[in-house]
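Model the placement of chains B, C and D on the given structure of chain A, informed by the hints.
Keeping their order, the protein sequence lines are chains A, B, C and D. For the first sequence, the positions run 192 to 440 when the working numbering is used. For the second sequence, the positions run 16 to 391 when the working numbering is used. For the third sequence, the positions run 4 to 330 when the working numbering is used. For the fourth sequence, the positions run 66 to 371 when the working numbering is used.
These are calculated hints, taken from the structure and not from any lab test. It should be emphasised that the depicted structure is a prediction, and the values quoted were computed from it without experimental measurement. Keep in mind that a hint or two might mislead.
DSS-like, lysine-lysine: derived pairs with alpha carbons at most 27 Å apart [as the list claims (entries may be wrong)]:
(1) B:Lys390 to C:Lys99
(2) D:Lys331 to B:Lys188
(3) B:Lys38 to B:Lys98
(4) B:Lys188 to B:Lys372
(5) C:Lys325 to D:Lys331
(6) B:Lys188 to B:Lys390
(7) A:Lys333 to C:Lys325
(8) A:Lys359 to A:Lys333
(9) A:Lys376 to A:Lys359
(10) A:Lys376 to A:Lys333
(11) D:Lys255 to D:Lys331
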Amino acid sequence: MSDPVLATHGLMKSFGALVATDDVSIDLRPGEIHAIIGPNGAGKSTLISQISGGLASDAGRVEIMGQDVTALSTAARARAGLGRTFQISALAMEDTVFENVLLGVIGATAGAWAMFSPVARNRALAERAMAALDQVGLANAKDTRCADLSHGQRRQVEVAVALTLAPKAFVMDEPMAGLGAEGSKALTGFLDGLRSEAPILLVEHDMDAVFALADRISVLVNGQVIVTGTVAEIRSSDAVREAYLGAAP
Amino acid sequence: MKNTILASAAAALLAAPALAEVKVGMITTLSGGGAGLGIDVRDGFMLAIQQSGRDDIEVVIEDDQRKPDIAVQLADKMVQAEKVDVLTGIIWSNLAMAVVPSVTAQGKFYLSPNAGPSPLAGQGCHPNYFNVAWQNDNLHEAAGAYANTASYGNSFILAPNYPAGTDALTGYKRTFEGGIASEVYTQLGQTDYAAEIAQIRASDADSVYFFLPGGMGISFLKQYADSGVDLPIVGPAFSFDQGILQAVGDAALGVVNTSQWNKDIDNPTNAAFVESFQEAYGRLPSLYASQGFDTANLLISAIEAADVTDADAFRDALRAANFDSTRGDFAFGPNHHPVQTIYAREVIKEGDVFTNKIIGTALENHSDAYAADCKM
Amino acid sequence: MIPERAINAAVICGLLAVPIWAVMADEIFTITLTTRAVILALAAVGLNIALGIGGLVSFGHAVFFGLGGYAMGILAFHAQTFTPLDLGLVSVNGTKSMPVIWVVATAVSALAAWVIGLLSLRTTGVYFIMITLAFGQMFFYFTISWSAYGGEDGMSIYVRNGFPGLNTLVPIQFFGLCFAALCLALLLQWRLRGSAFGLALNAARQTPERVETVGLNPMRLKLLAFVISGAITGLAGALFADLNRFVSPTMFSWQLSGELIILIIIGGVGRLMGPVIGAAIFVALEHWLGGLTDFWHVWLGAILLLIVLFGRGGVIGLLTGKAGPHV
Amino acid sequence: MSTVLIIEQVLNGLQFGVMLFLMAAGLTLIFGVMGLINLAHGSLYMVGAFAAAWVAGATGSFLLALAAALAAAAAAGALIEVLVIRRLYKAAHLDQVLATFALILIFSEGTRYVFGSFPLFLDIPAYLSGPVTLPGGIQYPFYRLVLIGVGCVVALGLWWLTARTRVGIQIRAGENDREMIAALGVDISKLYTLVFAIGAALAGLAGALVGAIQSVQVGMGEPVLILAFVVIVIGGIGSIRGAFIGALLVGLTDTLGGIFLPELFKLFMESGAATQTGSALAAMAAYILMGIVLIWRPTGLFGARS
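If we strip away everything but chain A, and leave its shape as in the complex, we get:
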């Protein structure tokens, strides 16, 4: 077993009396897709925010490639190798697809302080952006404004932006949300191939996608990981059944 790319150790977060995440320790190994599932309100979104740096944890640690990033900002964690996509698309809607992906390249090359040279004409940067767009199959739509894209296409742009960062690990928050059956299927195929780039921590409601993609699954209930295992183990777990369907009579 190789060292994990991304790991959490005993993450805690509570909002007043509500405990959102409680002692969550999970890891993400090279080449795998690790899915996090759980009922609504289980603390999945909180966990994602804690990992990506949007929320400060009450206790616990986050490590990327063995480096403790708990005290780092979102931006610093991104530079450390965390590529994140959002549940509700966080794209610059007024800008074109190309410009959004270019933003990722700028972030990856830390070149946002160049203030006078036209960035769109920088061939090296443009090529990296186009490569990412090619990879997600959106090269044709590069001059479309994001506001005019379909849901599925926006997901693809999200992934393309994350790709430009050449991340050590992807963290994806419900990428299938809002996609039709066709869209989910296409994206599932794409993510399947993506694991060779970097492992994916996948929070997802779409069980077909999860069961098709995941190497391992962790089930989060009331802020706690009640079980982690392979697809088969999860399918047969009584604890999971209980959490989703209520205790057996």
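Leaving out everything else, chains B, C and D in the frame of chain A:
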């Protein structure tokens, strides 16, 4: 606002060989909060022009909105586009400071119908600048002198925290021989004076001197009257003017204030002015109207004596001040500011209308404290 | 619909043509008026970088305008009175040289923008609008009671400051200087908008989370934009002071901050030429409406209302048929 | 400085704060429910004062004048809501700022057109004028005590309105979720007009009450408007409770700052300079307070955490 008024156009048909036409630029406040003062100056000025029946004076009037940068821009326009010979009209000291040095430096004449900031009376004086109203300190000095004759021994004095405010308190202290119980600076534009009135109540003063022009004075007087504090108040005419007295109401009754003009000054020019102003505009003239009227008459007297293109002769004609002032005697001191008598007046009610009545003389033939600094 | 480039070219040509015509026709005041529009446009170009690209609705940009003005006023005051300016540790002489004044004005404004930005950027939305307004009011009240430099009366500088090789007292030459400054600022804004920084800043306005997840710090982007913005507006303040040969606390007033925002909205938020068109229209309205009636503010208000209600995207939005960025 | 004076100054601060609250309550209500920045709120204050002065002049009755102020400001508020504001709810903050700024211009110059350029007369009625003696021998103007009372009654009334009535429930629902109240079958545009009119009426009431001890003139609304914004930002935009606390804080800071800062500076400065420096700082005090609060809590004391 632009009004090009050719006084008495019909007279132009008569073939009287007039001197060169004189163009006057009036920059004054005609919109916004302080518009009342500018309107009075304009109306007084235009009344005198009309009464003169002259067809050779053209007056261009513009509204400065009480903004210094607009005033400067208008002054540029008057000089560059309208090519006026004489400027006048500015109400506020800060606007005057912005405009006067620059236009006099460009060789134009400026006749001030209201503002008289101290720098322009002292080191910054200029041969082409004539103040027809007063140096800013004058009415305050007169108030100090009145306080002496009323044998006040200890005054509580207050003014807004801006240059004219500090000048006011300095002016009062210059002539007042009693002690100062406390000296308070309020915020410019402040509308609530409860805190200051409480300080007055707690002090051991036997009199109150305040300089709060415009709406500030209205607020102070109303609140003071309601507070139950009954120390006598003295102020300059600015808070007791015809335009705002009606808004103060009973609260102002009996208060003594100092002014170089009042509608009951007994001379034929003044009587005619008060009557014709009321006839023309349907209201009693104010201090500002009288200053506008005097400014126009000074100008006319100079035009009659000299050609405006001959700057030296025209300046001498202005300096002679050979006109009938509504104030009676009028003369310029060496720094082109008035040497004049300043009266103490009391607020009274005539029928339904609040107005002032002269009760005595505060300072006789008074000049100003800065004339010695003026080298011209 | 007209392409934006054609509009931009027409605006620049118009701005040049008017004063040239004025020189031929000996209408000197028209040059002064155009210069005023150019300087206000410069101030608004500064604000537009923070507001239009970065989405920072600053209701306190008069601070920088005023600081630029006072930098000019104080330096020239000490030069014309031959008194040294005491800065505590060192004392320096005043100056009547425009280039020196401009450097000081931009530097002081940039420094102030850095401090104000650092504190204000902790807040967003309406809170940001209000905290910048609060800083404006602080400076306003401070200068009103700062008697050393004239307090509310302000300061008159009797002769316009000099620029090597030019006679700035000639209106058309001073106009040329201001026009050159505006062109430089426009060039800067244009290059900025197309640069990596501009792209990141524009994204930070729309979606700060995204900018963070690609490893950039949106706060620093916005802060830098605010500093550049303040510096340009500060330069405009110094030029404005020289146009009027006068500075006063009204340069710090909240009405002025509001006017700068209005100029941008009239022309088109975030558009390169938005502030220029806005300033030209505003100065023209002020001048012509003021000549028509005593109560011209009513008509100005009505026109502004019509622009908001029916002209989304300002004049440029109207002409190009494209909505501008959403702030 | 005697205790009596300090108590009197605290009362003054409270009275100022309570009047600010009348302005701020309407602003914060309108922002909370409709998300609108209304710069023209100061104009509604002015409308109230002018209506009161006009009716008081015509009838001599202060109560009728107050009623007129409420009615005129509410009517003006409803009118601009229907004609202008309604089109701006979905617009960017910038558009709202510009449109309501335009309304200020129209109201101010329109009022000057109708009533002329000189201040109007409005006075305290005889039965409310003069000082009363409070326990401890403090002489205090009766009218100002009445103002404090009226302000507190309005604050209680607003609390009752939002917490206990059907309209209040709708208003609170509207703050949280517009679709929700539409789903409840509430006519949202009527609700908005109502809230706007209530806010306007409060501003008008403040204008009339304050106009009686100040100067009723064009432009009287703007200084109060800016301070009212300071109040709601300190309190947290949308929170009535925040507006009340914020108003009292600003009222007390402004009043007590004006008194104590010059005294403080006199301890180590020459008297004249101390008074000037102290006054200058006092003028900035409310804004400094707001800056500190926002740096400490970026959404105000009672604002929703984002």
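Evaluated hints:
Restraint check: the Cα-Cα separation between B:Lys390 and C:Lys99 comes to about 25 Å, which is no more than 27 Å; the hinted pair holds. The hinted pair formed by D:Lys331 and B:Lys188 meets the criterion: a straight-line CA distance of about 20 Å does not exceed 27 Å. As the CA atoms of B:Lys38 and B:Lys98 are separated by approximately 8 Å, the hinted pair is consistent with the 27 Å bound. At most 27 Å may separate the alpha-carbon atoms for a hinted pair to count; B:Lys188 and B:Lys372 meet this at roughly 25 Å.
Taking the CA atoms of C:Lys325 and D:Lys331, the gap is near 61 Å; set against the 27 Å cutoff, the hint is violated. Note on B:Lys188 and B:Lys390: the hinted pairing holds, with a Cα-Cα distance of about 26 Å set against a maximum of 27 Å. Our distance criterion of 27 Å between C-alpha atoms is met by A:Lys333 and C:Lys325, whose separation comes to about 20 Å. Distance hint between A:Lys359 and A:Lys333 is fulfilled; the C-alpha atoms sit about 26 Å from each other, no more than 27 Å.
Between A:Lys376 and A:Lys359 the CA atoms are separated by roughly 25 Å; this keeps the pair inside 27 Å, and the hint holds. Distance restraint check for A:Lys376 and A:Lys333: the Cα-Cα separation of roughly 23 Å lies within the 27 Å cut-off, and the hinted pair is therefore satisfied. A C-alpha spacing of about 57 Å is found between D:Lys255 and D:Lys331, which places the hinted pair above 27 Å, so the restraint is violated.
In summary, the structure is inconsistent with hints 5 and 11 from the numbered list given earlier, while agreeing with the others.
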